[in-house]
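Visitor: Those letters in the sequence shown? Residues -23 to -1, 1 to 763, per mature numbering (1 follows the signal peptide of the UniProt record, and there is no 0), in order.
Hints are computed from structural coordinates only; laboratory data are not their basis.
Each hint should be verified, as a subset may be incorrect.
Said to hold, decoys possible - Below are the DSBU-like pairs computed for lysine-lysine, each with C-alpha atoms no more than 35 Å apart in a straight line:
(1) 420 / 458
(2) 481 / 521
(3) 28 / 70
(4) 517 / 529
(5) 30 / 418
(6) 702 / 657
(7) 255 / 377
(8) 377 / 388
(9) 458 / 255
(10) 255 / 418
(11) 759 / 458
(12) 70 / 30
(13) 458 / 70
(14) 529 / 418
Treat the numbers as computed from the prediction; the structure is a model and nothing was measured.
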Amino acid sequence: MYTLLSTLLISLVLAGLTPSLWAGQQTVPAVPLYEDRDISLGLSVVYLEDKDKRLSAPQLIRDFDQFNWQRANDKAVTIGNLDSTFWFSTTIKAPANHRDWFIRISHAGLNLIDSWIILEDQVVAQHQLGSQLPFEQRPFLDSNFVIPVSLQAHQEYQLLFRVSMNGLLDFPLNISSAKPYAEQLSSSNMQLGIYYGIAIIMALYNLVIFIYSRELSYLFYVCFIGSLATFLAIIEGSAFRYLWPNYPQLNDYALPFYAGLTQLFATIFTESFLNIRKHSQRLFTLLLIVGCLNLGAVLSSLLFTTEIAFFISSISGIFTFPLLLFAGSYMWYRGQYYARYFCLSWGLLCFFCLWITIIALGIVPWEINNIWELFRIASTIEMVLLALALAARIDFLSRKEEQSRAESEAKTQFIAQISHELRTPMNGILGMSALLRDHLKDKQSIHFNNVIYQSGLALLGIINDVLDAAKIDADKLETEKIPFSLTNLCEQSLYVIEPQSMVKSLVVTSEIDNSIPPTVIGDPNRIRQVLLNLLSNAAKFTDKGSITLTAKNLGHDSVRITVTDTGSGIDKADLKGLFTPYTQQSSVEQKSKGTGLGLYICKKLVEVMGGTIDFDSTEGQGSSFWFELPLPASDLTPIPLAGQLDEAVISSHKQEKSLTILVAEDNAANQLVINKLLEKMGHQVTIVNNGEEAVHSITDNNKPYDLVLMDCEMPVMDGYEACEKIRQFEQDSQLNAIPIIALTAHAMSEYRERCMQAGMNEVLTKPVRALTLQQTLQRYSKMLEL
């Protein structure tokens, strides 16, 4: 990226767009020195190209006027981009009262410099410097090349230099006494200290943010700052002085290497920061191509000559800079308001490119040596703007996440409310169908009633799937860990597909590993949900052949459960999105419509339980779905599993103890259902229409109740408030707490928690299965006998 600026100058120089030169032999008067000034000698310098490298210092000293010397009209003595040797010469006149002076060449990248100090055609001092020599060999330890000299009063000295350079050659030459040099050095060090201090602070700050947030954009930003700062340190000589002073050979590779690396990290940072891949595949492809070009520029610095490496880096820079600016503008247009900071920073660099172009064209007089100061200014402003962009991006993403969370919460609450409204009448439908079964005699009526009941169960399954999907989206899916028998669970699960398998004459078998512990710890309800879904799919899409349920002990408290069928299999085109919500196989859609949530819920359930799920399928031959779960063995007594054959069957024998039960329920159909069920179980029932009536029944009635069944959502007073008032009355009257069981159509965990906080003992979710209700009442009946 930033190499675009330097390579832009190189390209312009190659095109002949350097400052104008005066050709021909030049006679330049000696430059008088002043002890209180830092004197630029550039306008008094003449130079000569030595293409064949045959000239020598004695020859030039002896026959100086015989050669075709040229003089430049800019202080930096800009020559151009080349691989050659040049001679530079100028004449100075020492003042009367000062001896010690410092000659400074402000181009840290010059490969090799030989210098001669000449007095009356005699060499009085000679030095060799350059970036190809170890740093410690310099006569004065400075990032630039500094030559200390002692001059006699009123004497004229010729300064002669031979410079070898592969790249952009300019020769900014200054001389000063100790005080001006110290002031210049102090000012330069302060500027560099401010720049690198800002760079280090920005890098460390964003590195800490990356460590805590794990947001890759911050890491790429740190890499970008580091490579950019190193690139500028190489140009100014600080990298050679402080990082690799004893390895001058690295200087040949470092500049094109870090130029390409800076562009590469800028490209990666842009893609990560703007999330281009998500919004535009074409733009992402272009960034990928440019990124590969930048990587090629980095590798070229290690494989080819410096000239070739700079050329490749120039090409990559020409494409990189405008593409990144376009990417930022595009994302700003797409609504990412934080991209405006990104565009502003790149737009600023574009302005500096234009400014440097004007300088290079000679339209505005400006020393090329000062261009690096523009670099520091531009890069500092860009670092700050990009930091602001990162902060704005985090704010944007936080707001978006908050909005998404609010939308998800609203969606979850809406689905929960719809679930409540559907479960309430569903409780009446299934309950009345179960009660009606005992009064039907002819087969046709029994068949019709069974269709109603099974259709109700199917609708209830859909409601549960949608609710589970909402819980998954809201990250509220919960599991429990209780002791149960996995063998019994697998065997009972097969009963669900028995009617379908009998109609299709399918062979249903199970293979349970004997080494599976009799009791394991896990969530039997969620495992059953996964199993039933896989088995139902197998029965639905298998017209002939067999279905096999296998449970295998994998050791280390891990079990694999597999459902294999010989059905139609899955089309290859549908494999990728099989576990995606609200999608179905193309072949399935015509055969059996559904919500498309089953396998998605299975995957999420298995993952929540700490396991994995996968499948293997061959179209036309069948499928095999399996999931692995951690199910550690347990010595506890397994909790009995709910029956699966007929959830509406009620034990014909009466309870061991008849209970006096108060039921608070506002729905007339549900009142009828619960009343008939409880009477059939042998209990005495009192029905009230809301929570307020339930409170009065407890507080005003001298007849105590053994148990209360409380609906949660009722008019006048809901079940939560009613329960709180009953508990307060019991506490004030110093009475024993009556067991209060919630009957709620809400299936979300927060509603269960609300019930428990209100003082209820247990929660049953509508539609309530008769067998579940009977088992619950039997448990409390035994507790009351103690």
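Visitor: Holds or violated: residue 759 with residue 458, Cα cutoff 35 Å?
Guide: Holds - the C-alpha atoms of residue 458 and residue 759 are around 25 Å apart, at most 35 Å.
Visitor: Please verify whether residue 458 and residue 255 have alpha carbons no more than 35 Å apart.
Guide: violated (39 Å)
Visitor: Does the structure keep residue 458 and residue 70 at a Cα separation of 35 Å or less?
Guide: violated (95 Å)
Visitor: Keeping to a limit of 35 Å between CA atoms, is the pair of residue 481 and residue 521 held or broken?
Guide: holds (7 Å)
Visitor: Is the hinted pair residue 28 and residue 70 satisfied, with a Cα-Cα distance of at most 35 Å?
Guide: Satisfied, since the Cα-Cα distance of roughly 31 Å is no more than 35 Å.
Visitor: Hint check: residue 255 vs residue 418, CA-CA at most 35 Å. Holds or violated?
Guide: Roughly 63 Å between the alpha carbons, so the hint for residue 255 and residue 418 is violated.
Visitor: Taking 35 Å as the top limit, are the C-alpha atoms of residue 255 and residue 377 close enough?
Guide: At roughly 16 Å apart (the allowed maximum being 35 Å), residue 377 and residue 255 satisfy the hint.
Visitor: If you draw a straight line from the CA of residue 529 to the CA of residue 418, is it 35 Å or shorter?
Guide: violated (45 Å)
Visitor: For the pair supplied as a hint, residue 517 and residue 529, is the alpha-carbon distance within the 35 Å limit?
Guide: Holds, at about 25 Å.
Visitor: Going straight from one Cα to the other, do residue 377 and residue 388 come out at no more than 35 Å?
Guide: The given pair, whose Cα atoms are some 16 Å apart, holds under the 35 Å limit.
Visitor: Under the criterion that the straight-line Cα-Cα distance not exceed 35 Å, is the pair residue 702, residue 657 satisfied?
Guide: holds (31 Å)
Visitor: Compare the distance between the alpha carbons of residue 420 and residue 458 with 35 Å, and conclude whether the hinted pair is satisfied.
Guide: It is violated: about 43 Å lies between the C-alpha atoms, which goes past 35 Å.
The structure fails to meet hints 1, 5, 9, 10, 13 and 14 from the earlier list, while all remaining hints are met.
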